[in-house]
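Asks: So the sequences go chain by chain: A and B.
In the numbering used here, each number is its position in the first sequence, counted from 1, plus 1.
In the numbering used here, each number is its position in the second sequence, counted from 1, plus 186.
No lab work stands behind these hints: they were computed from the structure.
Only a predicted model underlies this, so the values are computations on that prediction, with no experimental measurement involved.
Wrong hints could be hidden among the right ones.
To be verified - Partial list, computed: chain A residues near chain B (C-beta under 7 Å):
1) S45
2) G47
3) I48
4) R51
5) L52
6) T332
All C-beta atoms in this analysis are idealised placements derived from N, C-alpha and C, irrespective of residue type, glycine included.
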Amino acid sequence: MRLAYRERQGIVTEVIVETFRTLAIFGALMTAVPLLVLAERRISAGIQNRLGPNRVGPQGLLQPLADVVKLLFKEEIVPEKADKVLYRMGPLLAFAPAAFAFAAIPVGKDLQIADMSIGVLFVVTVTSLSVYGVSFGGWASNNKFSLLGGLRSGAQIISYESAMGLALISIIMSSGSVGLSTIVEAQKDILHWNVFWQPLAFVIFVTAAFAENNRLPFDLPECESELVGGYHTEYSSMKFAMYFLGEYLAMVVMSALIVTLFLGGWNPGFPLPDGILWTVVSVLAFSTKMALVLFVYIWVRWTLPRFRYDQLMRLGWKGLIPLAMANIVLTGAITALRN
Amino acid sequence: MDARNPETRPDERRGLPKWLFSIYLPAIFKGLYSTFLHLVKAKGHKTFTVRYPEERVTTRKGYRGEHRLKVDELGREKCVACFMCQTVCPAACIRIVAEEAPWPDRDKRPKIFEIDMLRCIYCGMCEEVCPCDAIELTQKFNVVSTTRAEKIYTKEKLLSNYWVLHK
Numbered sequence: 002m003r004l005a006y007r008e009r010q011g012i013v014t015e016v017i018v019e020t021f022r023t024l025a026i027f028g029a030l031m032t033a034v035p036l037l038v039l040a041e042r043r044i045s046a047g048i049q050n051r052l053g054p055n056r057v058g059p060q061g062l063l064q065p066l067a068d069v070v071k072l073l074f075k076e077e078i079v080p081e082k083a084d085k086v087l088y089r090m091g092p093l094l095a096f097a098p099a100a101f102a103f104a105a106i107p108v109g110k111d112l113q114i115a116d117m118s119i120g121v122l123f124v125v126t127v128t129s130l131s132v133y134g135v136s137f138g139g140w141a142s143n144n145k146f147s148l149l150g151g152l153r154s155g156a157q158i159i160s161y162e163s164a165m166g167l168a169l170i171s172i173i174m175s176s177g178s179v180g181l182s183t184i185v186e187a188q189k190d191i192l193h194w195n196v197f198w199q200p201l202a203f204v205i206f207v208t209a210a211f212a213e214n215n216r217l218p219f220d221l222p223e224c225e226s227e228l229v230g231g232y233h234t235e236y237s238s239m240k241f242a243m244y245f246l247g248e249y250l251a252m253v254v255m256s257a258l259i260v261t262l263f264l265g266g267w268n269p270g271f272p273l274p275d276g277i278l279w280t281v282v283s284v285l286a287f288s289t290k291m292a293l294v295l296f297v298y299i300w301v302r303w304t305l306p307r308f309r310y311d312q313l314m315r316l317g318w319k320g321l322i323p324l325a326m327a328n329i330v331l332t333g334a335i336t337a338l339r340n
Numbered sequence: 187m188d189a190r191n192p193e194t195r196p197d198e199r200r201g202l203p204k205w206l207f208s209i210y211l212p213a214i215f216k217g218l219y220s221t222f223l224h225l226v227k228a229k230g231h232k233t234f235t236v237r238y239p240e241e242r243v244t245t246r247k248g249y250r251g252e253h254r255l256k257v258d259e260l261g262r263e264k265c266v267a268c269f270m271c272q273t274v275c276p277a278a279c280i281r282i283v284a285e286e287a288p289w290p291d292r293d294k295r296p297k298i299f300e301i302d303m304l305r306c307i308y309c310g311m312c313e314e315v316c317p318c319d320a321i322e323l324t325q326k327f328n329v330v331s332t333t334r335a336e337k338i339y340t341k342e343k344l345l346s347n348y349w350v351l352h353k
């Protein structure tokens, strides 16, 4: 099929625009990760009455860069008895899905890499893939502590993924769509934010998100005190850095998902008129909310102790899943009554 | 204290329904409030970090740092090489070789007075046992050496420490 000159030109422009949009969003995401690592260190220091890294650059802003240089120059050690293929695949698998999932999240008004009609399902499916990285790493290291860490990660994701999915169902029911951009548009002003209409789903989702990100109080796969680092005990140099990066990237993606689903996405709390300026405002609103959620992530980590393994399972299966199911029934009943 | 027993249950739990505590959330919010106070340095919390090159830690009175040998008003070392410190030292880090004193008021003086600072445990027993008040532990603690040999302090080094503040 031959296209007219104008049509061809249109396609070329579109490709260029799309490429830049993707690069911009991905670049912003990759910039957020080192900042988050620094924020984690500074905030934890503040909570523990310390100062944290503040010497490299203004307020320690260049500290992550220095860390990366250090990690790059460190010796890479592969255990002799390790499963070499899986061992190399682990860090990649932990990192890639998190970056991949961000594609479906609307970061601003009309600003999204891919507007999928099944956005929620896509994000949940892809983020849950990152557990393979952790499990493979744990298995391939050929180290009993790593294996335990990987095992725990698998068990944890099975228990908490279901609670998370069930919490999502009530959101899908109330907004009537599986597309993330539709869900955001349904929360056009602050009164329509899902966090006020679905508080129970919010609590369940956030708890499950913490567990899925292996964050305290659910960081059993890592467990410095009993598993000496868990699944990444045997990893060094850039492979370790990839796990680290993947963990924080997953945190960013999960907080973006929480903002999108519950806190109105890019809506600053009032309906936005059209225009490029308002797109900027929406992106700012989105990043502010995301920063707040990430702060809570860090804040909770440095407040709560770790769950014991059986407590974790009890909370997941006996607490969150029945609650989420009850919430679905409740949502259904209210929706039926309102109609 | 048994938290399940209503008699001995902490006050904050009294009169409140039990399920409130089994959902963790009140305790979590309480903990978050507490850490937030630390973060914003409210309610008397403060940062304890010492910004090292600009700020230095100060030692308390009675801190046991590096030793010094004292000198009397004529500039002679007070030590009479009685071997009390060498005998009492639990780490066996003091080595004294005595010689005839050239002065009329005492019989001996140390020819060699060495302390192996790598062995020393800074217990201060040498100071306690010294009959002439000749050896003392100073406040000096931030000492750097690049070789092991440097860590064996000679009499001259210990005497030069006399000018380091004591107490």
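Asks: Decide, hint by hint, whether the structure agrees.
Replies: Comparing the hints with the structure gives:
This hint is violated: S45 of chain A has a C-beta 9 Å from the nearest C-beta of chain B, more than the 7 Å allowed. Hint status for G47 of chain A: holds, given a least beta-carbon distance of 4 Å to chain B, under 7 Å. The closest approach between the C-beta of I48 of chain A and any C-beta of chain B is roughly 5 Å, which is under the 7 Å cut-off, so the hint is satisfied. Contact between R51 of chain A and chain B, as hinted, is supported at the beta carbon level, the nearest pair being about 5 Å apart and thus within 7 Å.
For L52 of chain A, the interface hint holds, since its Cβ comes within 7 Å of a Cβ in chain B; the closest pair sits about 4 Å apart. Because the closest C-beta pair between T332 of chain A and chain B is about 20 Å apart, greater than 7 Å, the hint is violated.
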